[in-house]
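Chains as they are written, first to last, in this note's numbering: chain A, 1 to 405; chain B, 1 to 405; chain C, 1 to 322; chain D, 1 to 322.
Honestly, the hints are just simulated from the structure, not real lab data. Cβ atoms here follow ideal geometry from the backbone N, Cα and C, with glycine treated the same way. Hints may contain errors.
Chain B residues, not near chain A, derived (Cβ > 10 Å throughout) [said to hold, decoys possible]: (1) Arg221; (2) Pro247; (3) Ala257; (4) Asp351; (5) Gln358; (6) Glu370; (7) Glu373.
No more than 30 Å apart at the CA atoms, straight line, and that leaves these computed lysine-lysine pairs for BS3-like [claimed, not checked]: (8) Lys256(C) to Lys52(D); (9) Lys60(A) to Lys385(A); (10) Lys385(B) to Lys54(B); (11) Lys52(D) to Lys40(D); (12) Lys226(C) to Lys196(C); (13) Lys196(C) to Lys52(C); (14) Lys196(D) to Lys256(D); (15) Lys196(C) to Lys40(D); (16) Lys60(B) to Lys385(B); (17) Lys256(C) to Lys196(C); (18) Lys286(C) to Lys226(C); (19) Lys256(C) to Lys226(D); (20) Lys226(D) to Lys196(D); (21) Lys254(C) to Lys226(C); (22) Lys226(D) to Lys254(C); (23) Lys40(D) to Lys286(C); (24) Lys286(D) to Lys226(D); (25) Lys254(D) to Lys226(D); (26) Lys256(C) to Lys40(D); (27) Lys286(D) to Lys256(D); (28) Lys256(C) to Lys256(D); (29) Lys254(C) to Lys196(C); (30) Lys40(D) to Lys254(C); (31) Lys256(C) to Lys286(C); (32) Lys368(A) to Lys54(A); (33) Lys256(C) to Lys226(C); (34) Lys254(C) to Lys196(D); (35) Lys52(D) to Lys286(C); (36) Lys286(D) to Lys196(D); (37) Lys286(C) to Lys254(D).
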Amino acid sequence: MKDIDRNLVRMSEEAPSSDSRRNFLKLAAFTGAAVSVARRPAFAVQKEMTFFAKDLSDEKLIDMYRTILKIRWHERTQADEMLTNTEYRGYNHFYAGQEAVATGVCAALRNDGPFEQIDLVYSSHRPSGHAIAKGVDIPTMVAEMDFRATGMNGGYGAEMHISDPSVGFIGADGMIGPAPVIASGSAFAMRARGSDQVAVVFAGDGNYAAPHFHSTLNNARLLDLPLIYVCENNLYHQYAHYRLSCPHDDIASAAAAYGIPAVTVDGQDVVQVYNAAKDAVDRARAGEGPTFIEAKTYRYYNHWGAPGAEAGKLGAFGYDPLAITSFRPERELRAWMQRDPVDISRAILVDWGVLEEQAALDMEDEIKAEIREAFDWALAQPLCKPEDGLKHVFAEGAVAARQFG
Amino acid sequence: MKDIDRNLVRMSEEAPSSDSRRNFLKLAAFTGAAVSVARRPAFAVQKEMTFFAKDLSDEKLIDMYRTILKIRWHERTQADEMLTNTEYRGYNHFYAGQEAVATGVCAALRNDGPFEQIDLVYSSHRPSGHAIAKGVDIPTMVAEMDFRATGMNGGYGAEMHISDPSVGFIGADGMIGPAPVIASGSAFAMRARGSDQVAVVFAGDGNYAAPHFHSTLNNARLLDLPLIYVCENNLYHQYAHYRLSCPHDDIASAAAAYGIPAVTVDGQDVVQVYNAAKDAVDRARAGEGPTFIEAKTYRYYNHWGAPGAEAGKLGAFGYDPLAITSFRPERELRAWMQRDPVDISRAILVDWGVLEEQAALDMEDEIKAEIREAFDWALAQPLCKPEDGLKHVFAEGAVAARQFG
Amino acid sequence: MAQKSWMYAVLEAVQHEMQQDPAMTWIFELTPPVASNPGKPVINLETEFGRKRVVNTGIDENWMASAVLGAGLSGSKSATYIPYQGALIPFEVIQNVAGKLRLMTGGKASMPVVWVIEMTGQTPGFAGQHSCYEEDSYYMHIPGVRTVIPSTPYDAKGLMHAALRSPDPVVYLYPAGLRTLTEEVPDEPYEVPLNKAAVRMEGSDLTIVSSGGGMPGVLEAAETLKADGMGVEVIDLRTLKEMDTDTLVNSVGKTKRLLTVDQSYYTLCPGAEVIARVVENVDGVKVKRVAFPDAPPPASPEMFLWMRPDAQNVVEAARGLV
Amino acid sequence: MAQKSWMYAVLEAVQHEMQQDPAMTWIFELTPPVASNPGKPVINLETEFGRKRVVNTGIDENWMASAVLGAGLSGSKSATYIPYQGALIPFEVIQNVAGKLRLMTGGKASMPVVWVIEMTGQTPGFAGQHSCYEEDSYYMHIPGVRTVIPSTPYDAKGLMHAALRSPDPVVYLYPAGLRTLTEEVPDEPYEVPLNKAAVRMEGSDLTIVSSGGGMPGVLEAAETLKADGMGVEVIDLRTLKEMDTDTLVNSVGKTKRLLTVDQSYYTLCPGAEVIARVVENVDGVKVKRVAFPDAPPPASPEMFLWMRPDAQNVVEAARGLV
Ligand SMILES: Cc1ncc(C[n+]2csc(CCOP(=O)(O)OP(=O)(O)O)c2C)c(N)n1
Ligand SMILES: Cc1ncc(C[n+]2csc(CCOP(=O)(O)OP(=O)(O)O)c2C)c(N)n1
Ligand SMILES: [Mg+2]
Ligand SMILES: [Mg+2]
């Protein structure tokens with residue numbers, strides 16, 4: 001308790017700023033040395049599959065790195081808006097820490113072309129990372145998250161319902177349970193019409209306990225559906241560790257029991273994630289059915305963030321002391337922060353000779369500016385017209401107002 | 001096709017009668033020799049656990065045999081009513097062929113005493129066997145199934161909703177899905193109040209596909225609930241083989257994946273079933289959590305039988321040609337009929353020196369007469385009063401009539 | 001044109017749409033999509049379109065309902081047939097996802113989806129879960145989903161065509177008690193609109209409004225009342241969402257007397273909405289509501305048949321109003 | 001007696017009943033049963049009664065709802081707190097099993113069960129699934145289950161005692177938008193009856209009927225109208241099933257004018273039932289209905305706040321009626 005309080009004070013002394021992608025990471029530097037190896041997350045051994053990623057073009061690899069940066073900086077910029085801009089109204093379920101999962105998976109998918117040919121992604125209540133990785137237009141997404149009339153969904157949906165079918169991002173779903181089953185329905189239709197498309201669903205560890213988990217996997221297996229179930233196991237669902245509602249260490253074991261190829265990967269390493277996804281996509285396109293990918297990962301921030309947050313208060317948005325004191329041990333968080341997906345992906349590019357260290361850092365500045373521009377554009381967009389709320393109930397027309405009696 | 005037609009004709013030539021418990025078994029005699037050993041159902045090897053049953057008193061063993069006979073003769077007598085008595089209105093989901101499952105399980109339970117101490121049974125849409133095995137009063141059950149005011153449930157529920165909490169028979173449930181989850185809630189409460197009771201649910205193979213299957217097993221495992229899940233795998237759900245909706249040969253494997261002790265037994269052999277149940281009950285009472293028992297079994301009759309049936313038409317009630325032609329191979333049915341639970345249980349009693357062959361056969365006559373008496377009593381009971389339909393909506397009072405405007 | 005049974009008429013529509021659209025799928029559980037009719041070829045969707053497009057599933061109505069939604073979102077027109085025992089298992093995903101998705105995505109979600117949901121027809125003898133008729137009210141409150149309830153084979157076919165061609169998700173309630181009805185039904189495809197009530201009889205003394213399984217009793221009662229000299233106007237709602245308020249208001253504006261008849265439970269039965277809409281728009285109306293009491297249906301036929309509104313109940317209620 | 005928040009008042013009732021009955025259980029998912037209030041001891045059911053009786057589960061609202069039903073059937077009083085996101089996941093088991101079981105067993109099933117189901121309070125910004133207020137209608141149509149919807153901390157506590165002591169299963173809707181209300185609430189246990197509406201203001205010109213999250217706006221409007229000289233009678237339904245028809249009919253018998261206000265969707269909102277019951281019993285009533293349009297709530301606060309009925313809407317509708 002004491003330690004946390006001290007940290008909080010320290011955090012609130014730092015003015016929030018977007019100077020550094022990692023200003024919330026600074027704490028980790030203080031205590032990092034204390035994290036013993038034994039406390040670091042252990043992963044199931046994975047077959048050497050790096051050949052997939054190693055075969056990729058430089059351009060594609062750089063693209064993955066850029067995507068990770070976009071997700072991170074979208075979030076960092078948005079968090080700053082929440083902390084400093086009193087006009088800003090958007091909220092978010094933060095994805096920072098998990099970027100490599102969405103990025104690695106979507107890099108293995110077909111993201112442009114006619115709607116009947118692209119792969120479809122179903123997302124969760126934590127959608128912005130998936131959306132960016134799938135290729136949605138960031139400025140209009142930012143506008144949507146601030147309820148603007150010109151937002152991606154006209155201001156009707158906001159964060160938990162962002163959707164852009166034109167890039168195959170079927171969309172977010174704020175509910176725990178239904179998305180995987182619905183995604184399996186898309187996979188069913190793809191198979192029925194003889195398409196080689198793939199349906200992907202991103203779902204948290206919390207989804208394991210939902211009864212829909214069984215329906216999804218059972219039917220995917222029975223009908224050999226081209227479904228890829230990406231379980232982002234960030235160890236917690238809102239306030240509880242996943243082991244409190246799941247008897248398996250690896251949720252992938254639950255999927256394997258259905259006879260579905262299931263793999264557990266290090267979700268912080270974009271190459272591992274990409275390789276698993278590529279393998280799954282190849283199998284699905286070949287008519288060989290579903291794959292379950294469990295990516296062990298971690299979210300750095302609170303479960304969600306809302307406008308009007310005060311820096312340091314309830315950990316906005318460094319740690320969530322409420323969550324930490326009751327559930328997430330502080331050192332666990334710090335240990336994970338040392339395996340940051342941005343750092344790991346950059347190190348790989350440098351190591352593979354794809355990019356010089358300095359070029360990689362310059363790229364980050366570029367992305368940062370691009371995101372800032374997106375926010376500037378988005379937050380200058382018009383607000384919605386009240387009467388438009390009666391539209392889009394059905395494909396045509398508008399329903400009647402009833403609030404006037 | 002031809003064969004079946006011929007059999008049908010043969011069946012319709014025989015006047016239905018209750019002379020023989022096995023008049024619907026006669027067909028098996030004709031073709032029995034043709035059934036190869038390889039076609040006989042194979043069961044997972046079971047550990048030798050017969051010591052449980054071998055330790056039982058003669059009285060208890062005889063009781064099990066009598067229970068099996070009661071279930072069989074209740075059904076045989078009811079089928080005859082349907083075929084011959086134009087006044088009779090009851091219907092049933094037949095249990096013939098599966099008697100050893102209900103009998104073996106319930107023999108391991110606490111069936112009398114105060115409600116807070118007896119074990120509770122949740123049944124399915126195929127409840128009469130479970131009900132008799134749990135010890136409900138047969139005459140009032142028969143009356144209930146014919147909608148009589150003095151029936152077990154006042155004529156409100158009929159077959160798919162028979163219930164008698166006084167013997168721990170919580171009752172039938174016509175829906176596929178909810179009963180196992182609800183039963184796990186009873187087990188949860190038992191554990192919470194420190195009781196050593198056990199909750200048992202009987203569910204068909206069809207229940208595997210329902211999403212509730214996951215919820216039931218997951219929570220039973222996580223909370224170590226005193227729940228015994230008895231999966232009566234009679235290979236079909238209504239019109240489809242279970243393997244069309246289940247990727248496992250043994251449904252028990254699905255349960256084992258949750259870390260639940262799971263066993264597959266020969267459901268035709270009451271001793272095997274009893275032993276598995278006894279083991280499960282001991283474990284549950286000791287606070288060691290749930291058990292899954294898969295009993296491989298078979299139903300002889302149609303999915304259900306209704307009054308006004310005509311002998312031989314739609315197989316009433318020997319075979320169901322609709323079901324057989326599309327789904328159930330005739331020889332499969334015949335093969336199963338040769339492993340009749342009545343014969344097996346009698347053979348065991350005779351073999352163990354508990355009963356002489358002749359005494360066992362006399363006992364059957366006795367039971368047959370007892371059941372006939374139950375029907376005679378039940379069918380002379382008064383019908384319901386229309387206005388009583390407005391009662392029992394809430395614990396007190398009656399709701400208003402609304403059909404008159 | 002031929003005398004056709006309900007199911008034959010409906011499957012004719014489905015068959016036609018599946019022939020037109022090679023991506024369209026059909027998911028079922030117990031009831032194979034097979035129908036025959038005297039003088040007509042047997043329709044069997046499973047053999048005609050193959051087991052990739054026409055799928056028989058396990059007992060998991062939530063999967064069925066969600067799967068067709070996912071199929072629709074991926075661009076394939078899709079329908080499923082939910083047996084009455086599972087009639088409300090799809091409720092949550094329809095209410096909370098399908099109904100809201102178009103609006104929540106600012107119009108981007110496409111859902112050419114039809115859920116055919118059986119209603120029991122209130123068969124006596126089965127009690128509660130197997131005899132109830134309550135789905136109409138639950139589905140009808142959901143915005144963003146069109147809910148229809150045909151009462152004749154002709155409408156059943158025309159509404160099926162319209163539902164399958166609609167870009168909106170449609171809950172298509174099938175009152176299974178009407179399965180024995182037959183009537184002249186054209187062989188060609190045609191649409192019955194998804195937002196129009198039908199005036200089944202005209203008159204100026206009293207408006208009787210019902211739908212689905214309630215219609216045969218209402219029509220029988222109306223004949224009796226007409227023979228007595230009463231001018232009865234009978235309206236078959238046919239589409240519960242959106243409800244055709246104009247037809248109701250026009251009729252009661254004339255008759256000033258309104259009798260609603262539902263086999264659904266009294267509290268919040270469709271008739272409650274009919275009454276509320278009418279009295280918001282027409283002054284001085286006398287109303288009565290005939291409905292199933294607020295009690296689950298008991299098994300005993302004596303109790304059940306007394307509780308379920310029938311022609312005699314309608315006749316008496318009508319006489320009390322006029 | 002002290003100023004108490006909604007949740008503190010409710011947990012006081014739960015704590016008392018759990019102390020009285022050592023078998024009683026509580027199942028939750030996200031919201032730990034913890035509440036504090038100035039000058040009062042913290043209530044924490046989990047630490048007080050232990051983790052065998054008070055259980056935190058995975059995200060499986062159907063299990064939660066079914067488990068308390070099973071607990072009740074085994075003889076243990078039991079309650080669960082379902083967060084608004086899962087508000088209709090328990091619907092099917094409540095509608096198809098719990099509501100029907102007592103009747104189907106001829107009165108043998110015992111179900112001392114309470115489902116506390118959160119309603120969102122129609123928060124702007126979240127859209128559809130996280131802003132809707134439709135549960136009242138769905139649960140209210142179910143027979144065999146009592147559905148209540150308190151609108152004040154005092155009623156919240158009294159209805160919780162009554163619900164937990166009732167042998168009938170109770171759906172206890174909690175309009176979470178009211179969580180910030182505080183008022184004087186006795187420390188001792190007391191019951192608010194499960195079948196009585198409350199007259200919040202008396203008057204003879206107009207009856208306004210609402211419930212739950214609609215009440216604050218209605219009371220605000222009523223003050224405005226009263227200041228204008230209008231005699232407004234305000235009725236808080238409080239129990240949706242069974243609805244207190246007498247109180248409604250007596251009031252409108254006097255005022256002859258009825259305005260219903262709901263945050264639920266227009267079609268089959270609770271107000272539709274109120275109107276139907278009243279006009280079946282009182283002649284010559286003028287009615288109006290204020291409700292959320294038949295549209296899922298959009299996220300944009302501009303759209304949403306315009307659509308959600310507020311005090312101003314009520315004032316104007318009332319003026320139009322009188
Ligand atoms: C049916 C349902 N119940 C409860 C919630 C509330 N809720 C939102 S997110 C969440 C936790 C999800 O955890 P997880 O799946 O692990 O995803 P994460 O938040 O860790 O990304 C919960 C319980 C919900 N959205 N839907
Ligand atoms: C939710 C639901 N869907 C469909 C049905 C219709 N139905 C009744 S029994 C049955 C088959 C059940 O099969 P199984 O569980 O194997 O039991 P069995 O009949 O073989 O004893 C079905 C599908 C139902 N009762 N409930
Ligand atoms: Mg998680
Ligand atoms: Mg079976």
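Hint-by-hint comparison with the structure:
1. Arg221: 5 Å, violated
2. Pro247: 5 Å, violated
3. Ala257: 3 Å, violated
4. Asp351: 39 Å, holds
5. Gln358: 51 Å, holds
6. Glu370: Glutamate 370(B) is indeed farther than 10 Å from all Cβ atoms of chain A, at 44 Å.
7. Glu373: 46 Å, holds
8. Lys256(C) to Lys52(D): 61 Å, violated
9. Lys60(A) to Lys385(A): Given pair lysine 60(A), lysine 385(A) is violated - Cα atoms ~41 Å apart, limit 30 Å.
10. Lys385(B) to Lys54(B): The hint is violated at about 50 Å.
11. Lys52(D) to Lys40(D): Roughly 26 Å separates the two Cα atoms, so the pair holds.
12. Lys226(C) to Lys196(C): Given pair lysine 226(C), lysine 196(C) holds - Cα atoms ~25 Å apart, limit 30 Å.
13. Lys196(C) to Lys52(C): 35 Å, violated
14. Lys196(D) to Lys256(D): Distance of about 21 Å is within 30 Å: holds.
15. Lys196(C) to Lys40(D): 60 Å, violated
16. Lys60(B) to Lys385(B): 41 Å, violated
17. Lys256(C) to Lys196(C): Holds, because 21 Å separates the two Cα atoms, which is no more than 30 Å.
18. Lys286(C) to Lys226(C): With a Cα-Cα distance of about 20 Å, the restraint between lysine 286(C) and lysine 226(C) holds, given a limit of 30 Å.
19. Lys256(C) to Lys226(D): 34 Å, violated
20. Lys226(D) to Lys196(D): 25 Å, holds
21. Lys254(C) to Lys226(C): Between lysine 254(C) and lysine 226(C) the Cα gap is close to 17 Å, so the pair holds against 30 Å.
22. Lys226(D) to Lys254(C): 37 Å, violated
23. Lys40(D) to Lys286(C): 55 Å, violated
24. Lys286(D) to Lys226(D): It holds: about 19 Å lies between the C-alpha atoms, which stays within 30 Å.
25. Lys254(D) to Lys226(D): At roughly 17 Å apart (the allowed maximum being 30 Å), lysine 226(D) and lysine 254(D) satisfy the hint.
26. Lys256(C) to Lys40(D): Between lysine 256(C) and lysine 40(D) the Cα gap is close to 60 Å, so the pair fails against 30 Å, i.e. violated.
27. Lys286(D) to Lys256(D): 6 Å, holds
28. Lys256(C) to Lys256(D): At roughly 18 Å apart (the allowed maximum being 30 Å), lysine 256(D) and lysine 256(C) satisfy the hint.
29. Lys254(C) to Lys196(C): 19 Å, holds
30. Lys40(D) to Lys254(C): Distance ~64 Å between lysine 40(D) and lysine 254(C) Cα, so the pair is violated.
31. Lys256(C) to Lys286(C): Holds, because 6 Å separates the two Cα atoms, which is no more than 30 Å.
32. Lys368(A) to Lys54(A): 27 Å, holds
33. Lys256(C) to Lys226(C): 17 Å, holds
34. Lys254(C) to Lys196(D): Cα-Cα ~38 Å, so violated.
35. Lys52(D) to Lys286(C): 57 Å, violated
36. Lys286(D) to Lys196(D): Cα-Cα ~24 Å, so holds.
37. Lys286(C) to Lys254(D): 18 Å, holds
Violation of the numbered hints given earlier is confined to hints 1, 2, 3, 8, 9, 10, 13, 15, 16, 19, 22, 23, 26, 30, 34, 35; the remaining hints are satisfied by the structure.
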